[in-house]
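Chain by chain, the residues run as shown.
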Amino acid sequence: MKRIANNWICWVAIAGLIVSGCSVGYVGTDRAFSRGGNSHPHAADFFAPGIESFQAEEFWVIERNSETAAAFPQSPEPGGLKAVVHGQQRELAVTDMDVNAAVKGYIATVNVTQRFQNPYAQRIEAVYVFSMPRDAAVDDFIMTIGKRRIRGVIRERKEAEAIYQEAKRQGYLASLLTANHANTFRQTIANIEPGNYIDVRIHYFQVLQSDNGWYEFFFPMRSNSKGGAKPWSVPVSLHIDVQASAPIADLECPTHFVTKKSLSPEHWTVELNPKDGIPYLDFRLRYRLANEQSSADLMTYRDERGGYFTLMLHPPNDSPALTNVKMDWGAMQASEIYPGNLTNLPAGRAVLMAGRFNGTAPTTVTVTGTAGNQPVSFFLPVDLSRTGMEKSIPKIWASMKIGALESEAIRTSDLQLLGETRQVALDYGLASPFTSFLAVDANEPTEEMKTITVPAVP
Amino acid sequence: MKCWLAILFCALATPLFGQQAAAPHFRAIEVYVDSGNLPLAAYQVQFSVTNVTARIVGIEGGQHKAFREPPFYDPKAMQGERVIIAAFSTETPGHLPSGKTRVATIHIMTIGETRPAFELKLQAAADPAGKRISATVTCGEKPQ
Chain A
1 MKRIANNWIC WVAIAGLIVS GCSVGYVGTD RAFSRGGNSH PHAADFFAPG
51 IESFQAEEFW VIERNSETAA AFPQSPEPGG LKAVVHGQQR ELAVTDMDVN
101 AAVKGYIATV NVTQRFQNPY AQRIEAVYVF SMPRDAAVDD FIMTIGKRRI
151 RGVIRERKEA EAIYQEAKRQ GYLASLLTAN HANTFRQTIA NIEPGNYIDV
201 RIHYFQVLQS DNGWYEFFFP MRSNSKGGAK PWSVPVSLHI DVQASAPIAD
251 LECPTHFVTK KSLSPEHWTV ELNPKDGIPY LDFRLRYRLA NEQSSADLMT
301 YRDERGGYFT LMLHPPNDSP ALTNVKMDWG AMQASEIYPG NLTNLPAGRA
351 VLMAGRFNGT APTTVTVTGT AGNQPVSFFL PVDLSRTGME KSIPKIWASM
401 KIGALESEAI RTSDLQLLGE TRQVALDYGL ASPFTSFLAV DANEPTEEMK
451 TITVPAVP
Chain B
1 MKCWLAILFC ALATPLFGQQ AAAPHFRAIE VYVDSGNLPL AAYQVQFSVT
51 NVTARIVGIE GGQHKAFREP PFYDPKAMQG ERVIIAAFST ETPGHLPSGK
101 TRVATIHIMT IGETRPAFEL KLQAAADPAG KRISATVTCG EKPQ
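Going down the list, the protein sequences come from chains A and B. Counting with the working numbering, you get residues 1 to 458 for the letters of the first sequence. Counting with the working numbering, you get residues 1 to 144 for the letters of the second sequence.
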């Protein structure tokens, strides 16, 4: 444990950061949620013609709180897409966006493909600041140039930024994806040649929110801009494949017109209706199961690194909050469990846990607690001789570990924990405050012309 | 609170260019697998630069449609500046490459003027039935 007490060291470090332009920290909770109010654009500004009927739906305006803004001096820029031309920002549009998601139980894996086109007569750098769902973890990044596809590699953030700047200086096509804070990302693409377009595909996973038996998939359709949220001005196509663990009773989208198709009682597909091709609301899709939900839902995965699990705990819908929660993992030989201090389950809201395990035999996980004044227990049989195929489970565990380490680092001022955070992000290939995705096309430098920089406006 | 975070962030930053006088060079290294007259359905290759400081900066897919998608890499191995790439295709034998085919291009940045030397190891190659096959792996820098 190493603690920093001397203020002068802090000021030296901050001065260094100001010079280098790097971030000074990370706070897990970065947004304040508030109902639409006078200081924000009117709700009607967000609605496309023909969807006025949704105005009665609940809507949320998202803003950063001042504490977080101060913690992220590198990201005061507004959301959206811009081009930098001769050092000046100009308008640039994402010409197309395709969202392809697969929901399995309570885990969603999502591919988002964005197309950037250079309408100028000079090379440009595109700068795109956009939101991701809360708790989404980016684990893959591919840049497409014509028929060529280059997979980005995960790098320590400062190193990735330095390599990107050098590639940009030398005239190579390069792209960098950095996590500004909890769910805002910054994508830059250097040296897009005149008339050319570049596709960038980002892959992320997220755990669905679960509330009173409903699982909800969320995708932000509006850019997160300074002073409020702005609608996209780019056509979006969206396809979701939903595979539940049991027959689905209700599947609904309260925000957009969609086309739903049932392949089986457990398996549905959902397409965004072309009428909603330019959406003005964040997209929400939710479903609930036909049968009464089980109290707990465990998913396991094992590879050469060992066993990983996620456990979704659902307190009964009609019960009060569960307190004094205790877990007995049976013969799972569970370790490194996050959150590590779970003691309460809020009424009606599911809670996700993730951990490692070494056990290989069938066993039973037991959850005990107090509901009202009554002791409550529920049991979950687990067969560890058979593990699942969901490859995102180790990354969900890693993502939860990163969140726990950051919180603990802030609480204890233990610097080593942040180093550990970076290492976990590198080992599992996740974008984080300390790691970024970088892709450089080293085939040949682009033609020598003066570079202009343009932020992208959706 | 934020001060020590800032200090760590500085400490974590790798001084990649700071003490290097030589300019970095970007290079594209093409990786080929030759499976003779057998269809190639899967491969795993380990790649590293042996004589100069290098950073892997991108991994590109191959020339044949079956391997056009960029191969996956092991992020843990890459921290040692070696990369293990792997890909497989579920295409039928008639739609898989045979003979010598470019399966990937590894984009790197090297420091200094020394021409880089590479070490390649074919860890596995398989046919559409998943059976291991004999193959060779070679690489070469794409001229700019």
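Quick caveat, the hints were computed from the structure, so don't treat them as lab data. Even for Gly, the Cβ is constructed at its ideal location relative to N, Cα and C. Just to be clear, a hint being listed does not mean it is correct.
To be verified - Just so you have them, the derived chain B footprint on chain A, three or more residues with Cβ under 8 Å: (1) 101-108; (2) 244-251; (3) 397-408; (4) 422-433.
To be verified - With the Cβ distance kept under 8 Å, some of the chain B side facing chain A (calculated, not the full set): (5) Tyr32; (6) Thr53; (7) Glu69; (8) Pro75; (9) Ala124; (10) Val137.
A quick look at each hint next to the structure:
1. 101-108: Our answer is that it is violated, as 0 residues pass the Cβ test (under 8 Å) against chain B, missing three.
2. 244-251: violated (count 0)
3. 397-408: Result for this restraint: violated, n = 0.
4. 422-433: Result for this restraint: holds, n = 5.
5. Tyr32: Cβ of tyrosine 32 (chain B) sits 16 Å from chain A, so the hint is violated.
6. Thr53: 12 Å, violated
7. Glu69: Cβ of glutamate 69 (chain B) sits 6 Å from chain A, so the hint holds.
8. Pro75: 4 Å, holds
9. Ala124: 14 Å, violated
10. Val137: Result: violated, 19 Å to nearest chain A Cβ.
Going through the hint list in order, the structure does not satisfy hints 1, 2, 3, 5, 6, 9, 10.
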